[in-house]
Every structure is written in C-alpha cells, then in structure tokens.
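Once you've looked at the hints, dock chain X against the given chain D.
Sequence lines, in order, name chains D and X. Here the first sequence stands for residues 1 to 516, numbered as in this note's numbering. Here the second sequence stands for residues 1 to 516, numbered as in this note's numbering.
Careful: at least some of the hints might be erroneous.
Pairs count within a copy or across copies, as identical chains cannot be separated in the list.
[To be verified] No farther apart than 25 Å at their CA atoms in a straight line, the calculated lysine to aspartate or glutamate pairs in the DMTMM-like style are these:
#1 Lys114 with Asp127
#2 Lys135 with Asp275
#3 Lys135 with Asp117
#4 Lys135 with Asp103
#5 Lys135 with Asp121
None of these hints come from the bench; they were simulated from the model.
Number of protein chains: 2
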Amino acid sequence: MTELLPNYAAGRWQTGHGTGAVLKDPVLGQDLVRVDSTGLDVPEAFRFAREQGGAALRALTYRERAGLLSGVVKVLQAHRDSYYEIATANSGTVKNDSAVDIDGGIFTLGQYAKWGDALGDVRALRDGDAARLGKEPVFLSQHLQVPTHGVALFINAFNFPGWGLWEKAAPALLSGVPVIVKPATSTAWLTQRMVRDVVEAGVLPAGALSVIAGSSAGLMDQLGPFDVVSFTGSADTAGIIRAHAAVAQRSARANIEADSLNSALLLPDAAPGSDAFNLLVREVVREMTVKSGQKCTAIRRILVPQDVYGAAAEAIGAKLAGVTVGNPRNDGVRMGSLVSTAQLHAVREGLAQLSAHVDILHDGRQVPLVDADPAVAACIGPVLLGARDADAASVVHDVEVFGPVATLVPYRDMGHALALAQRGQGSLVTSLYGADEAALGHAAVHLAASHGRVHVVTPDVAQAHTGHGNVMPMSLHGGPGRAGGGAELGGLRALDFYHQRSAVQASPGVLAALGL
Amino acid sequence: MTELLPNYAAGRWQTGHGTGAVLKDPVLGQDLVRVDSTGLDVPEAFRFAREQGGAALRALTYRERAGLLSGVVKVLQAHRDSYYEIATANSGTVKNDSAVDIDGGIFTLGQYAKWGDALGDVRALRDGDAARLGKEPVFLSQHLQVPTHGVALFINAFNFPGWGLWEKAAPALLSGVPVIVKPATSTAWLTQRMVRDVVEAGVLPAGALSVIAGSSAGLMDQLGPFDVVSFTGSADTAGIIRAHAAVAQRSARANIEADSLNSALLLPDAAPGSDAFNLLVREVVREMTVKSGQKCTAIRRILVPQDVYGAAAEAIGAKLAGVTVGNPRNDGVRMGSLVSTAQLHAVREGLAQLSAHVDILHDGRQVPLVDADPAVAACIGPVLLGARDADAASVVHDVEVFGPVATLVPYRDMGHALALAQRGQGSLVTSLYGADEAALGHAAVHLAASHGRVHVVTPDVAQAHTGHGNVMPMSLHGGPGRAGGGAELGGLRALDFYHQRSAVQASPGVLAALGL
Numbered sequence: 001m002t003e004l005l006p007n008y009a010a011g012r013w014q015t016g017h018g019t020g021a022v023l024k025d026p027v028l029g030q031d032l033v034r035v036d037s038t039g040l041d042v043p044e045a046f047r048f049a050r051e052q053g054g055a056a057l058r059a060l061t062y063r064e065r066a067g068l069l070s071g072v073v074k075v076l077q078a079h080r081d082s083y084y085e086i087a088t089a090n091s092g093t094v095k096n097d098s099a100v101d102i103d104g105g106i107f108t109l110g111q112y113a114k115w116g117d118a119l120g121d122v123r124a125l126r127d128g129d130a131a132r133l134g135k136e137p138v139f140l141s142q143h144l145q146v147p148t149h150g151v152a153l154f155i156n157a158f159n160f161p162g163w164g165l166w167e168k169a170a171p172a173l174l175s176g177v178p179v180i181v182k183p184a185t186s187t188a189w190l191t192q193r194m195v196r197d198v199v200e201a202g203v204l205p206a207g208a209l210s211v212i213a214g215s216s217a218g219l220m221d222q223l224g225p226f227d228v229v230s231f232t233g234s235a236d237t238a239g240i241i242r243a244h245a246a247v248a249q250r251s252a253r254a255n256i257e258a259d260s261l262n263s264a265l266l267l268p269d270a271a272p273g274s275d276a277f278n279l280l281v282r283e284v285v286r287e288m289t290v291k292s293g294q295k296c297t298a299i300r301r302i303l304v305p306q307d308v309y310g311a312a313a314e315a316i317g318a319k320l321a322g323v324t325v326g327n328p329r330n331d332g333v334r335m336g337s338l339v340s341t342a343q344l345h346a347v348r349e350g351l352a353q354l355s356a357h358v359d360i361l362h363d364g365r366q367v368p369l370v371d372a373d374p375a376v377a378a379c380i381g382p383v384l385l386g387a388r389d390a391d392a393a394s395v396v397h398d399v400e401v402f403g404p405v406a407t408l409v410p411y412r413d414m415g416h417a418l419a420l421a422q423r424g425q426g427s428l429v430t431s432l433y434g435a436d437e438a439a440l441g442h443a444a445v446h447l448a449a450s451h452g453r454v455h456v457v458t459p460d461v462a463q464a465h466t467g468h469g470n471v472m473p474m475s476l477h478g479g480p481g482r483a484g485g486g487a488e489l490g491g492l493r494a495l496d497f498y499h500q501r502s503a504v505q506a507s508p509g510v511l512a513a514l515g516l
Numbered sequence: 001m002t003e004l005l006p007n008y009a010a011g012r013w014q015t016g017h018g019t020g021a022v023l024k025d026p027v028l029g030q031d032l033v034r035v036d037s038t039g040l041d042v043p044e045a046f047r048f049a050r051e052q053g054g055a056a057l058r059a060l061t062y063r064e065r066a067g068l069l070s071g072v073v074k075v076l077q078a079h080r081d082s083y084y085e086i087a088t089a090n091s092g093t094v095k096n097d098s099a100v101d102i103d104g105g106i107f108t109l110g111q112y113a114k115w116g117d118a119l120g121d122v123r124a125l126r127d128g129d130a131a132r133l134g135k136e137p138v139f140l141s142q143h144l145q146v147p148t149h150g151v152a153l154f155i156n157a158f159n160f161p162g163w164g165l166w167e168k169a170a171p172a173l174l175s176g177v178p179v180i181v182k183p184a185t186s187t188a189w190l191t192q193r194m195v196r197d198v199v200e201a202g203v204l205p206a207g208a209l210s211v212i213a214g215s216s217a218g219l220m221d222q223l224g225p226f227d228v229v230s231f232t233g234s235a236d237t238a239g240i241i242r243a244h245a246a247v248a249q250r251s252a253r254a255n256i257e258a259d260s261l262n263s264a265l266l267l268p269d270a271a272p273g274s275d276a277f278n279l280l281v282r283e284v285v286r287e288m289t290v291k292s293g294q295k296c297t298a299i300r301r302i303l304v305p306q307d308v309y310g311a312a313a314e315a316i317g318a319k320l321a322g323v324t325v326g327n328p329r330n331d332g333v334r335m336g337s338l339v340s341t342a343q344l345h346a347v348r349e350g351l352a353q354l355s356a357h358v359d360i361l362h363d364g365r366q367v368p369l370v371d372a373d374p375a376v377a378a379c380i381g382p383v384l385l386g387a388r389d390a391d392a393a394s395v396v397h398d399v400e401v402f403g404p405v406a407t408l409v410p411y412r413d414m415g416h417a418l419a420l421a422q423r424g425q426g427s428l429v430t431s432l433y434g435a436d437e438a439a440l441g442h443a444a445v446h447l448a449a450s451h452g453r454v455h456v457v458t459p460d461v462a463q464a465h466t467g468h469g470n471v472m473p474m475s476l477h478g479g480p481g482r483a484g485g486g487a488e489l490g491g492l493r494a495l496d497f498y499h500q501r502s503a504v505q506a507s508p509g510v511l512a513a514l515g516l
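Isolated chain D, as found in the complex (with noise of 0.2 Å):
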C-alpha cells in the first residue's frame, strides 16, 4: 500500500486509523498516496487552533503577522520543485499549469506580508475617522476593526491545491486567525506537503495552521459564532454549508466561491482581423486550455456579434486544433489532464447535457494523446460549441462543464450582450475586447452589478492585460449569485471577513487611549 499520509492537527502529526482513500496520478493511473482522518479527535484539533493559535497570532501585530507570512514564502520558495513534481503527477498538469497553482500561491502570500508589513506595529485597525455623536466633538463615534477570535475552516476545491490554501490564509494570518485547511481529496497532497514543509521549517505559532484530509464529515459541527469557514466548490455543496446550523443558526460567517458561467464579449466595434478580435480569440484559447479549463474563472460563454460568429468560431477552432493533449511529463505536449477520471466523466456528461442544445465547433476529442494511453489517462482535448439561438439555449447560460469546453454565443446589439452575460445568474468575471474606451466603460459599470471582476481588454493592454482568469491579490475575487456571493481577495479588502467592525463610541480621550 501507498504512504498514509498524516493530518497535523492540535499541534501533532496524527495519522488516521482507517484504510484511507487513495490519490491516483491521472495520466498514468498509478496509486500515489492514502490520506485519511478517521478517529482524529476534531474538536481538540478546533479548540487547539481557536485557544492556542488565535491567542498566538492576535498577541502578534500586523507587522509581525507580515513577517510570519514572508517566513511561509521562503520556505515554500525552497522547496518549490518538489511541489511541480507533486503537481504533475496528482494533478496532470504541464509547468506552466502548476505555476499557476505554486508560484501564484507564492505570489499571493508575497503580497499580502508586503501589504500587512505597511499596516505597523498595531494589534486593531481604524476603519474611517471618528464621527461627532452631537454638534460638539465631545462624543464620537470610531470604528475599528479587531481580529475574530475564532477559526478559519477552509474547505478548498480540488483545483488549486496550493494557490487555493495561500489566497485564503494569507490574510486569515494576517489577520490574526488560525487557519484549519480541508483540501479536496484527490489532490490533496500538494496541500498537506505544503503545511508540512511549513510546520517542519517552525515559522508559525504552535495552532496556526492545520491540515486535516479526507472526509469533511463533522468539521462544520465545530464552528461557533466566532468562527469563519471559506468554501471553494460547487453550488450545490455551498447550499449545504449555508443550511448547516452553524452558519444557519450559530452565525459562523461563510464566504462562499461556486463555479460560474463567466462570459468573454466582443463588442460590436471589434471586426474579425481587428487586434479586439485577436486578443479575445488568443484569450478564449488560453482560459479553454490552461489547467485543462479547471479554474473556476475560466469563460465558458464567449459573446460575440452575430455577423462575427463564423469568423470567431473559425479562429478559435484553427489555434484549438495546435493544442497539443497528453502527458504533461512530454515537452511537446500543452495540455496535461483533468484532475481524475471521475473528472473526465462528469466533463463527459456535461458535454452530452449540452450537445442537444448546440453545435460543436470544434472537437478536440478526436485528436491522439501524445504519450498516454487513452483507456487510462484523464485527458480530453477542447471542445468549441456554439449556441446559433443564444436565448432559447438555455442550458448554456446555466450548466458549467469543468473542462476545456466553452460556448461560442452570437448576439444581436449590445442590450442584448448584457443580457446575455447577466443569464449566468451572477459570475466571478467577464472580460471585455474592444477599443472603443466610452462603450467599454458603459458595459464594465452594467456589467458590474453581476460579476466580481471585469476585464476590460484594449489593444493598448495587449501586451500588459494580466488575463480574463488570472486572479490578481489586488482585485476582488468572487462574485454574486450563482457565483456564491464570497468575496476574496481585492488586496486589504481581504481582512474583512477575518475581522470583527465594531464602533466605539466614547469621548476623545478614550478614543485616543485605543491604540489604533
């Protein structure tokens, strides 16, 4: 039997007594490693981290919690092969995939112990300035922002193993609260390798960060009103974490990030050969494509002029057709695998779920794998739909294949578009191609009542535009409705969810005796 890897958890490695479930390399089908947390006892792991850990940190300042996170960068900087090594063989991802997920984890940690380092040596922060409570300034009204005194449960998706956990505890820790991670299952151990290398290097506070793998089952039972718990996932796994009498009744806040069906639109300025027309076709290929189109802010509808339809579907098909699916271990392959084969038939049920309704475009499925055996590898090549009725399909503005599919959607002015985008019910983001700046403001304020992030993409950004998928530390990351209404991210925005505002109202010399 493969390793059992232990949960480390109220300050001790703990392995649990069951036969655990078993983590599969996708491409090659090869068992990897077991993780398990049957007989772990959950609530001394809570009460450890919620009493130990978040007394650790909170005794810390903001500055000091900086330094912690920097600490965490460099030993993740040390050992960052070993983690490529562990993506490619759990996650079937080629480098550049898993850069996303290590480096960008690496990134977002940087920037928050940069951000935290500008905060100072102080243990609350002001929120505004002191409001006058009467018409003289004797009595006033200061809000501050101090540290939860509780835990944060990350329940994380199977995406972003490394990147998933650091854009989360980077301003938990920051924050002041101890963090508890319950990463997906089948690619949990880039997760757990991650929390070990940290916990072996000592540069966190004894209950700052714990890693428990395998089932989530009794987690949730743990939270209290103080306590906070983070979800990536899907909606209908959100509906139950929102339901749970921990959120429900106890109040525990929950901060929920569901997949979407994020739009890419071409406005109607844009002709095909025009540089709007090439960045949004170079922008489909790489969000359909990177990860094997696993992000959860990949565009899955791309929106585009109806007299453009054949054109974009033309285009995009030929720079699909390069796409090189395989073994992410062959330099020429581009495109790895899905996370696992339960992946690659849910992409398969979601592409029959759709193809009633659609055209296909074009169909990367037929394409050979390079260096893997098609019975066993978790591949499957792009695939480019398209919806000539974009109102009546409504199955493309609602089910999301999490795979490298997305929807070519032809509309008529640009009302339309905005409706159209708006039908995802609430998306992570939308990106925008054209050069016309008046349009493009227009549709970014509309089209910001229902999404995160707009990504506004001009021929004068071709070059330096961060990417429609990219999730930048310094903007929002969430969105409304369908997309779960969290909010991530967005630099010291971040800290919100891990703080308690409070306003004190009291004379100036009370005021003054706070120590903002």
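Only chain X this time, still in chain D's reference frame:
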C-alpha cells in the same frame, strides 16, 4: 368589524381577501384595525418593484435619491401627530418612547439624505484607489460599488414599526434599491400608515416602496440572486431565513439582526457613589424602562465588581421603585405597556425560566398599575434580578427576557468581567462605565471582537453621551454570533449591503470612462 388596511404592492392598493389578523390596543384591549395579504399576487409585487422601481431608482444619481429621502422626511413630519396617536394606541408607549421610534426614524432618514447629497451626481461609487497590476501603471484595478439589480425585502420586528422601516429603507433607497416591507403583524399599523402617507404624497417613483402586511408566507420564495433580505427578530426565525433556498441555494444576501444579551460593565475603579457608578445606575434604569425594555439593544446583564453588588442592587432598585407603570395616556405614567398580551406572556415565561437560578432584587410586578386594568393591560413593572454565582448561572447569559428585566452579575476581576460579557456569544452593544481612560480603551478593544458597538460612559460625557441603547445612524448597528452577524447603519457603510462590489481591470483610459 374594524378597518382592513390595504397592502401597497405592484403600484396599487390591494386589500387581502381574508378576514385578516386583528391589531389590538395592548392597554385597553380594544380591536383597532386588521391586516391581511390573502390572495395577493406576490410574484407580481416583487417583479414590479424589481423592474419598475429598480430601474427608476437607478436612473437617478445618489444626490437625486438623497433628494427623495428629504421628500420622505417632509411627508413624515407633516403627519407626525397621527403617528404618535397610532403608537399610543397600538404599541402602548408613552410619548418619550414613541419618539424613539417615530422621530428616530425621521432623524435617520435626514442623516442619509445629508450623506447621500455629498455623494454627488454619480451612479456608481469609487471604492478605493486604482492599484497597478504590473510594474508600469498601464493596466490597473479599480474597485467600484454599483447598486444591486434587485429588491430589498425587510421582515421587521414589532418593537420599531417606524424606525425599523426607515433605518433600513434610507440606505436602500439611497443605494437605488426598491423596498418591500413586511412589518410584524401586531404593530403593522404605523408602518402601513407611514407608507400610505409617502405613497399618497407621490415623492417616490412607482415601485420604490411597497408594504405587505399579514402573513410572510411566500415572500422569501420570490427572492433571486440579486435580491437582499434584511430580517430583525428572533434567532429562531433567523435560522429559518438563512436556511431558506433563496439564501442557501440562490445566494440572496441576508442581513440578520437578532436580539442579544447586551451588557453594561462598571469598571473596577468605580466605587459606589462615584460619578461612574451613578452613571451606570441611571443608564440601567433608563434601558430597563424605555419602551418597557423592548429594545434589541437594551441592557440585559449588569456586570459590577463583586464588592459593589449590594450597593448597585440597592441604587438601581431605589430608582426603579419610582417608575410608574400603566396607561400611556396618563401624564403620571412613565412606562406604558408591552406591545401585546402575547409579549406579556413571553416575559412572564422568561422570568419563570430565570427565577430558578437568580434572586429577585427588585420586583415591580407588585406595584399597582396607573389608570389601567391589570386583567386587560399588557403592563408589567420592572424586575431586577441578581445572579450571585455569575459563572454557574448559564441561563442569565442565554435567555433574553424581552421586557423591563435585567440581571445584576458580580465579577471578580477585569478578566472575569470581560469573559462574562462574552458569554453572550456575540451582542449588539456593551457599555462601559469608569474614569480610567487607559483601562476603558483596553476593554473597548477587547470587547469589540464580540460586539457591534462599545459605548463608553465617562464622567466628562455624562450629558453628551447618546445612551447605551440608542442606535445612532453614524455607528454600526449589528453584532456577531447570537446577535445575528448583521451590519446596519454605520453611516455610508450601510450602503454596502445594497451594492455589488466589483473590480474593473483596465487601462487608465477605460477607467476614466467609468463615470466615477
């Protein structure tokens, strides 16, 4: 039969088809009016508000919407006397207590009108400065806030039929979000009358403000991903709302304000007879008796040094003995009735639940009512309880009696006092009484983690402080955990709930075209 009050929905007055629920005079026992929403086309009501009301409001700028609020203020001021009459008849409150609800609501509207005017003639709000997404400032991230394209449903509590509507509607309407209010049945008359006056004055666009009185059945079913619901009431109902499919599955945002076990804390340096001691006694008596203790923010637990316990009991009891209770129409009465006999029963039940674990330090139940029949009137005199063993008396920290009842709780030292305050598991407000600014500042920051507001009373603000239980629109109203985790008011912070935050990533040229 008494008058059946119509609902205002889908831009027209609509009377329910049922016999309705009868609203009563809680002092005289007479029937007043009836409310009913049987047969109402609820989907139409929400659609009309969302589409007609939302579009009309969003077409205006923040300054123009602030102007609408000023218009509402004028209407309410013109009809102020009739509101006092309804409050006396339906809520059983004396004039000073009616003012908290009526003039408090008008004051809050006026504040938002002022703050909104300063936002200027824009239709989206800038949220922080643009951040570079690379080394050169050629591609930037600008966060903004835009009104959500949905409707705001308010499910309100019986204790504030006036203020409870306007403290929510002011930020909602200013944000460009239409309002549907469902008042608590027992005191729905004042809410309905205020909406009636505003509608008849024609100061708001069609669909901006609706009132549905009677059953709340089916209202939550109408909420979609861009709608919000703001609930004030019991923790039990809050749990139902959070677990409803609208919130749990469709990601409608929910704001919850549940009542809580708020505390007042006399610091160790405040000896009997000191200014701080006297200020605590005065504030406790005021909080126990204003609106007969029917305020979510009222003091429920009075934490005092153990050697001050006897003196505090005596001083508070002496003042409570002077409180006259009975018919609010009699000028000799200081405290009117509870809002209903149902509430009177609930208070008696709560007292019975507590009485096994506490001493009765002052019992106003023995004092005869003024000008009211004890067999009919929902009146009850103030009751001061005492829990000598503060740690063992869990029920004191768990069970809220929503009436003129509070419990005196002795503590050993400051650490013990802070721990006891936090036994409330998250409260709306705590107040601190003392003269040592450093000690007060330290306690305030500590308690901020579990309280939405910390009200600090020092001798120098004896006249200027705004009261433990008074909710000032400048300060956050809401608390974590047991208090519901909500966030209302706090100046312009209240607008967040009605906005979607979004990050626009674009060139400086496009950002300049956002119209911020």
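Evaluated hints:
Proximity of Lys114 to Asp127 under the C-alpha cut-off of 25 Å is found in both arrangements, the shortest distances being 20 Å within a copy and 21 Å between copies. Taking the closest pair of Cα atoms, Lys135 and Asp275 come within 25 Å of each other only across two copies (24 Å); inside a single copy the shortest separation is 59 Å, beyond that limit. In this assembly of identical chains, Lys135 and Asp117 lie within 25 Å of each other by CA distance solely across copies; the values are 20 Å between and 38 Å within a copy. In this assembly of identical chains, the alpha carbons of Lys135 and Asp103 lie at most 25 Å apart only when taken from different copies (18 Å versus 54 Å within one copy).
Taking identical chains as interchangeable, the C-alpha atoms of Lys135 and Asp121 are never at most 25 Å apart, the minima being 34 Å within one chain and 28 Å between chains.
When the structure is compared with the earlier hints, a violation turns up for hint 5 alone.
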